[in-house]
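Residue numbers (this note's numbering), protein chains in the order written: chain A, 1 to 652; chain B, 653 to 963.
Hint data in this document are derived by calculation from the structure and do not stem from the laboratory. Incorrect hints may appear among the rest.
BS3-like cross-link-like pairs, simulated, lysine-lysine; straight-line CA separation at most 30 Å [as the list claims (entries may be wrong)]: (1) 711(B) / 535(A); (2) 711(B) / 342(A); (3) 941(B) / 681(B); (4) 711(B) / 679(B); (5) 941(B) / 563(A); (6) 705(B) / 535(A); (7) 610(A) / 141(A); (8) 88(A) / 141(A); (9) 936(B) / 563(A); (10) 679(B) / 705(B); (11) 711(B) / 563(A); (12) 681(B) / 701(B); (13) 535(A) / 701(B); (14) 563(A) / 342(A); (15) 681(B) / 705(B).
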Amino acid sequence: MFSGHSAVGRRLAHGCSALAGAALAASGIGGLSGGTLTVAHIRGALPFTDILLRVTEFSAFFLLVIGIVGLAATIYAAGYVKEYEGRKSVPLLQAGMLLFIAAMAGVVMAGNVFTFLLAWEVMSVVSYFLVMYEHERPGTKRAGFVYAVMTHIGTVFLTIAFFILRHYSGSFEFARMEQASLPASAQSLVFVLALIGFGTKAGLVPLHIWLPRAHPAAPSHISALMSGVMLKTAVYGFLLFTLHLLQPGPVWWGVAVLALGANTALFGVLHALGEVDKKRMLAYSSIENMGILFMGIGAALIFLAAGQKAAAAFALAAVLVHAANHALFKSLLFMGAGAVLKAAHTANMNRLGGLIRRMPWTALFMLAGALAMAAMPPLNGFVGEWRLFQSLFALGFDGPATLLRLAGALAVAALALVGALAAFLSVRLFAMTFLALPRSEEAREAREASLSMRIAMGLLAASCVAAGVLPLVFAGAVQNTLERIAGFSGASSMLEVSPLAIAGADSEIAPAAAGLLLLCGLAAAWALARAIGGKTRTVRGETWNCGEPLEPRMTYTASGFSKPIRVAFQRLLLPSRVLYVDRDPRTPYFARGFTYTGQLPALVENLLYKPAMNLLVAGARLFRGIQNGVVQSYLLYLLATLVLILVWRIWR
Amino acid sequence: MRDILFELLQLVVIVLIAPLVTGFIKKTKALLQGRRGPRVLQPYYDLYKYMRKDAVVSKASSWIFTATPYVVFGATLAAAALVPVFMRDSLFSFTGDLVLLVYLFALARFFIAMAGVDTGSSFGAQGASREMFVSSLAEPALFVTLLAAALPAGTTHLSSIVAHAAERGWPTSPVFYMMVVAFAILVIAETGRIPVDNPDTHLELTMIHEGPILEYSGKSLALLQWSASIKQVLLFALLADLCFPWGLAASADGPAVLAGLAVFAVKMAAIGVIVSCVEMSTAKMRLFKVPRLLGAALVLSLFALTAEYLM
Numbered sequence: 001m002f003s004g005h006s007a008v009g010r011r012l013a014h015g016c017s018a019l020a021g022a023a024l025a026a027s028g029i030g031g032l033s034g035g036t037l038t039v040a041h042i043r044g045a046l047p048f049t050d051i052l053l054r055v056t057e058f059s060a061f062f063l064l065v066i067g068i069v070g071l072a073a074t075i076y077a078a079g080y081v082k083e084y085e086g087r088k089s090v091p092l093l094q095a096g097m098l099l100f101i102a103a104m105a106g107v108v109m110a111g112n113v114f115t116f117l118l119a120w121e122v123m124s125v126v127s128y129f130l131v132m133y134e135h136e137r138p139g140t141k142r143a144g145f146v147y148a149v150m151t152h153i154g155t156v157f158l159t160i161a162f163f164i165l166r167h168y169s170g171s172f173e174f175a176r177m178e179q180a181s182l183p184a185s186a187q188s189l190v191f192v193l194a195l196i197g198f199g200t201k202a203g204l205v206p207l208h209i210w211l212p213r214a215h216p217a218a219p220s221h222i223s224a225l226m227s228g229v230m231l232k233t234a235v236y237g238f239l240l241f242t243l244h245l246l247q248p249g250p251v252w253w254g255v256a257v258l259a260l261g262a263n264t265a266l267f268g269v270l271h272a273l274g275e276v277d278k279k280r281m282l283a284y285s286s287i288e289n290m291g292i293l294f295m296g297i298g299a300a301l302i303f304l305a306a307g308q309k310a311a312a313a314f315a316l317a318a319v320l321v322h323a324a325n326h327a328l329f330k331s332l333l334f335m336g337a338g339a340v341l342k343a344a345h346t347a348n349m350n351r352l353g354g355l356i357r358r359m360p361w362t363a364l365f366m367l368a369g370a371l372a373m374a375a376m377p378p379l380n381g382f383v384g385e386w387r388l389f390q391s392l393f394a395l396g397f398d399g400p401a402t403l404l405r406l407a408g409a410l411a412v413a414a415l416a417l418v419g420a421l422a423a424f425l426s427v428r429l430f431a432m433t434f435l436a437l438p439r440s441e442e443a444r445e446a447r448e449a450s451l452s453m454r455i456a457m458g459l460l461a462a463s464c465v466a467a468g469v470l471p472l473v474f475a476g477a478v479q480n481t482l483e484r485i486a487g488f489s490g491a492s493s494m495l496e497v498s499p500l501a502i503a504g505a506d507s508e509i510a511p512a513a514a515g516l517l518l519l520c521g522l523a524a525a526w527a528l529a530r531a532i533g534g535k536t537r538t539v540r541g542e543t544w545n546c547g548e549p550l551e552p553r554m555t556y557t558a559s560g561f562s563k564p565i566r567v568a569f570q571r572l573l574l575p576s577r578v579l580y581v582d583r584d585p586r587t588p589y590f591a592r593g594f595t596y597t598g599q600l601p602a603l604v605e606n607l608l609y610k611p612a613m614n615l616l617v618a619g620a621r622l623f624r625g626i627q628n629g630v631v632q633s634y635l636l637y638l639l640a641t642l643v644l645i646l647v648w649r650i651w652r
Numbered sequence: 653m654r655d656i657l658f659e660l661l662q663l664v665v666i667v668l669i670a671p672l673v674t675g676f677i678k679k680t681k682a683l684l685q686g687r688r689g690p691r692v693l694q695p696y697y698d699l700y701k702y703m704r705k706d707a708v709v710s711k712a713s714s715w716i717f718t719a720t721p722y723v724v725f726g727a728t729l730a731a732a733a734l735v736p737v738f739m740r741d742s743l744f745s746f747t748g749d750l751v752l753l754v755y756l757f758a759l760a761r762f763f764i765a766m767a768g769v770d771t772g773s774s775f776g777a778q779g780a781s782r783e784m785f786v787s788s789l790a791e792p793a794l795f796v797t798l799l800a801a802a803l804p805a806g807t808t809h810l811s812s813i814v815a816h817a818a819e820r821g822w823p824t825s826p827v828f829y830m831m832v833v834a835f836a837i838l839v840i841a842e843t844g845r846i847p848v849d850n851p852d853t854h855l856e857l858t859m860i861h862e863g864p865i866l867e868y869s870g871k872s873l874a875l876l877q878w879s880a881s882i883k884q885v886l887l888f889a890l891l892a893d894l895c896f897p898w899g900l901a902a903s904a905d906g907p908a909v910l911a912g913l914a915v916f917a918v919k920m921a922a923i924g925v926i927v928s929c930v931e932m933s934t935a936k937m938r939l940f941k942v943p944r945l946l947g948a949a950l951v952l953s954l955f956a957l958t959a960e961y962l963m
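Start from the sequences and build out the full structure, keeping to the hints where you can.
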């Protein structure tokens, strides 16, 4: 299908990809309405197990998200891949993208362990190849390597967790595993294994090191899929374990997840503010959002442990809504970043600026994405953030114990700090790319993105607005999802608590009303100004610059914009800064030029991974003497082992 | 119907008296410094004059710059519809809470910061950067203080908090006053007053909020200054609501509302005088000392919360 180089063949291929995405979204919507639907059950696919794909309300919610973002990505790809035509194999990229989407859908549809792990591995391996697509670019191979290593470490933990569950339930099927009861110690062991396994995929600090490398290295629509959707499969998997396969656990589960989430969110947003590469910055922001999601899961687990099911359901609703919203706005922002990258050939925000005039549509869609990322009402980011705040407030109001309430208060503070820094980040992202003057030749000559890319971004931007103004559309889906989750089924009366109700008061939040209010305010501002001041003229003039003409190099850069954060958090971030002054040899007073480089050191790598690696290498060196390449000595080892075993047997 | 009319009146009152509060603080400060100072009504004359002037807009700027004053005024107006000022209910109390209120202010700040960058002026971008920086650090303290204030009522719904607190009587515990001090610090930071920001100057050493709006003129400038005044009144009212919620009209009938208005005027005057005294007696802080002040507010409110939990 992809082999033809004719334009018709290409269009046909793109059209089919988009259709596949749309079909996925439709099946998600379909799945939300009904009970469990078995899609495929291949008995005896392998000697020991079946392949089982099914759609539950729980997986349908994630399927819907995969479908919407997948649809947008396939449309976007039609324009974006032109970049690679002639120098790379576009059909391979397209096929990889479709396989990647299919694998993600497979993860959420899997009905038994084998299917899950198969889909999980296909997802990881295909995304590894997609990350490596531009392997000739510096850093890409390293990124791919770190990604492959980390993702496989994660899978190892998951596999062990599944085998422990298999031991107690006697089955590889999720439906049977749910009914098994495990001893408390085994439960906690499985929980920790799942947390590490899925935490690696989700990018929880300190397991995140692959994420800021791999996500930016991939082509932009793949980055959008990875950040927007693939991370959500980790949320799905973790929820599958903690709510579905395991019984409600002790309180420390929730506290651990809450603390880990808060730590991850803060780390992510602070590092995002230190990045000048737009795609790396967005990748760090994804880490932040995963942290926020795990904070919500932590709150839900604490409530579950204390038997406060209504509060737990509320927190879980927050998690699901924010997961969907993050998928929408983050993939939009990655696509926007890709459009800018394609137009200006750089992702370095210090070399961008002023693009709003050259790329008005991209700018408009990115503004929607940035507002959503900053959780501004009435966009969708606000709805999720608002619910998370309410859940954490609820933990602070009537958490099960005094210390847990205090933990709730600290979590509120952490979420508020992260939220405000995310707003800072969004302003920086948009303003440094699109506003003021272009700071490089490439940015001055940027061209607007192609039609298909604009359609894809427009679709996502419209979804961001719609999911913000009409959150009840989502709320229905969330309700169905929650009913499906074990521990909530049968207790549907507490789900009558509207997901938008303000706790403790008989009123609800209505972002639509807030949006309407804003529009009224806008109209009132215009009318007031007109009524009081009458008609006035607007003259175009120069920006005041102390009498000098304004030049692009005088405008603020992304590095400078977030400098206060680097200074205020220097104890935490340990930023490095090198200023090279090129002085005129004739006079010490005047400099000819300055070169400034500043960066944040990779603390986790330096403090955790490097020592661990050194230890591993040193350990290997210890044993190197044994492997000397002489066949005789290997035979001696065999003999010695044999003798030892014999002696041991006789001893017994 | 009567309720809605009175709630609408509340909104109108906030919008109309906002410049008066600004003028009142300026006058009080001048008197304390031994100057005569401008008339109390001067802000109204200023606004009227700006409104009638032609505007100069930078060639480097985009539609973001033009749209910002309207978005800011709209968001501030929406916030004004949420805060109970002289009666317990507000126009939009059926759909909003403290979190929405904070995020409406954040929306206004978001656009001001972008407009500051949009002109290409370093002043604007520097101010924008500082504005986002200070607000980032103020937010955690603000939310914890709001949690402490909302704790007795167990809700973030403003009218419910006010109603609950008004029936509780005068609080005697020192915990309460810790919260009040924390909240007062935050109100000063959010309204851009000394020692965090200086509203009277845009010198690059000291300015925060005045930087991003430096390039504005005409109607746009009027709207932005008016919004700043409204935001100030709202924050003062919030301080009064959460800390001293007495005297708000419980129902929408004439005498109660009149009494509520009188109490409101007294509260605003009291807060205005206190703010003037603080501005008089302290110096502007270095930017990188501001985090300590805000950190103190955070610690105070955390203390207040812990004590509240233990008691």
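Mind checking the alpha carbons of residue 563(A) and residue 342(A) for me, to see if they're no more than 30 Å apart?
The given pair, whose Cα atoms are some 28 Å apart, holds under the 30 Å limit.
Residue 711(B) paired with residue 679(B) [C-alpha distance capped at 30 Å]: 37 Å, violated
inquiry  = So if I understand the rule, the pair passes when the alpha-carbon distance is 30 Å or less; does residue 610(A) with residue 141(A) pass?
reply    = 19 Å, holds
key: Pair hint residue 535(A) and residue 701(B), alpha-carbon separation not exceeding 30 Å   = 13 Å, holds
Given the hint that residue 681(B) pairs with residue 701(B), test it: the Cα-Cα distance must not exceed 30 Å. It holds: about 24 Å lies between the C-alpha atoms, which stays within 30 Å.
Exercise. Between residue 936(B) and residue 563(A), is the straight-line Cα distance small enough, at 30 Å or below?
Worked result: 21 Å, holds
- request: With a cut-off of 30 Å on the C-alpha distance, tell me whether residue 88(A) and residue 141(A) pass.
  value: Satisfied, since the Cα-Cα distance of roughly 17 Å is no more than 30 Å.
Item to complete: Compare the distance between the alpha carbons of residue 681(B) and residue 705(B) with 30 Å, and conclude whether the hinted pair is satisfied.
Response: Judged against 30 Å, a Cα distance of about 29 Å means the pair holds.
Hinted pair, alpha-carbon criterion (30 Å max): residue 711(B), residue 563(A). Please report holds or violated. Between residue 711(B) and residue 563(A) the Cα gap is close to 27 Å, so the pair holds against 30 Å.
Pairwise hint evaluation, residue 342(A) against residue 711(B), where the allowed Cα distance is 30 Å at most | 27 Å, holds
Just to be careful, I want the Cα atoms of residue 941(B) and residue 563(A) compared with a cutoff of 30 Å; is the pair within it?
Holds, at roughly 15 Å.
key: 30 Å Cα cutoff - pair residue 711(B), residue 535(A)   = The given pair, whose Cα atoms are some 21 Å apart, holds under the 30 Å limit.
Of the numbered hints stated above, the single one contradicted by the structure is hint 4.
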